[in-house]
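K.L.:
With chain H fixed as given, assemble chain Y onto it according to the hints.
Sequence lines, in order, name chains H and Y.
This note's numbering applies: residue 25 is where the first sequence begins, and numbers increase by one.
This note's numbering applies: residue 1162 is where the second sequence begins, and numbers increase by one.
Just so you know, the hints here were simulated from the structure itself, not pulled from any lab data.
Heads up, the beta-carbon is just placed ideally off N, CA and C, and yes, glycines get one too.
Each hint can be trusted.
Pairwise CB distance ranges (calculated):
no. : chain 1 : residue 1 : chain 2 : residue 2 : range
1   : Y       : L1207     : H       : Q35       : 19 to 29 angstroms
2   : Y       : S1214     : H       : L54       : 19 to 29 angstroms
3   : H       : Q41       : Y       : S1229     : 44 to 54 angstroms
4   : H       : Q41       : Y       : R1227     : 44 to 54 angstroms
5   : H       : V36       : Y       : D1200     : 18 to 28 angstroms
6   : Y       : D1218     : H       : P26       : 15 to 25 angstroms
7   : H       : L108      : Y       : S1214     : 46 to 56 angstroms
8   : H       : P26       : Y       : S1214     : 23 to 33 angstroms
9   : Y       : A1178     : H       : D95       : 48 to 58 angstroms
To give an idea of the interface, some chain H residues facing chain Y are shown, with a C-beta separation under 8 angstroms as derived from the structure:
no. : residue
10  : F69
11  : S72
12  : Y74
13  : A126
So you can see what is in the structure, the chains are spelled out below.
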Amino acid sequence: EPEVTQTPSHQVTQMGQEVILRCVPISNHLYFYWYRQILGQKVEFLVSFYNNEISEKSEIFDDQFSVERPDGSNFTLKIRSTKLEDSAMYFCASKEGGDTEAFFGQGTRLTVV
Amino acid sequence: RKEVEQDPGPFNVPEGATVAFNCTYSNSASQSFFWYRQDCRKEPKLLMSVYSSGNEDGRFTAQLNRASQYISLLIRDSKLSDSATYLCVVNVYTGGGNKLTFGTGTQLKVEL
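Bound conformation, chain H alone:
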């Protein structure tokens, strides 16, 4: 069964460092998303990506964040200068059509120290 894969599963980084979280969405999907979940809190929307551009972003997704789909298969989230409060689980998701269900990757646990 096709699945969304994310790497790494866990990343520890020092405050101020750049991190890149990687995702391979399901191959025929057209819509891509990044979400984050701080421990014990709700799943929060960061950004959606469609037709090779950002279609929507939340207030959380400030200038420190960027996304790319560099080669037609990978979908990356970059955090330029990490803060302690960026520590969270980051989930990538993809879906085939506008109204269809989204499939989530297993997540990357980011710990900023």
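P.N.:
Just chain Y now, with coordinates in the frame of chain H:
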């Protein structure tokens, strides 16, 4: 008003019980609706889509009331393995695309 609102629980029920979860959403432009299940420190997984006509999948029944902007999930004959957090998810078309908005989740604990 929150975009998607759920009672956080926890709901502690005995095995075999029937339990119902409710969810309300604020954006009347919401297009599609889902229940996801999330186990501790895992990714959300689709439980079922929710249709206006109501839909059933085994022990699970979902209902949507667009007029009241209300979604429900009923679990019958609950099992220990049903223990998880249940997430109400609403898909909204925005100017540029669409996004899934999550409720806070309702925690269910099924006990012997």
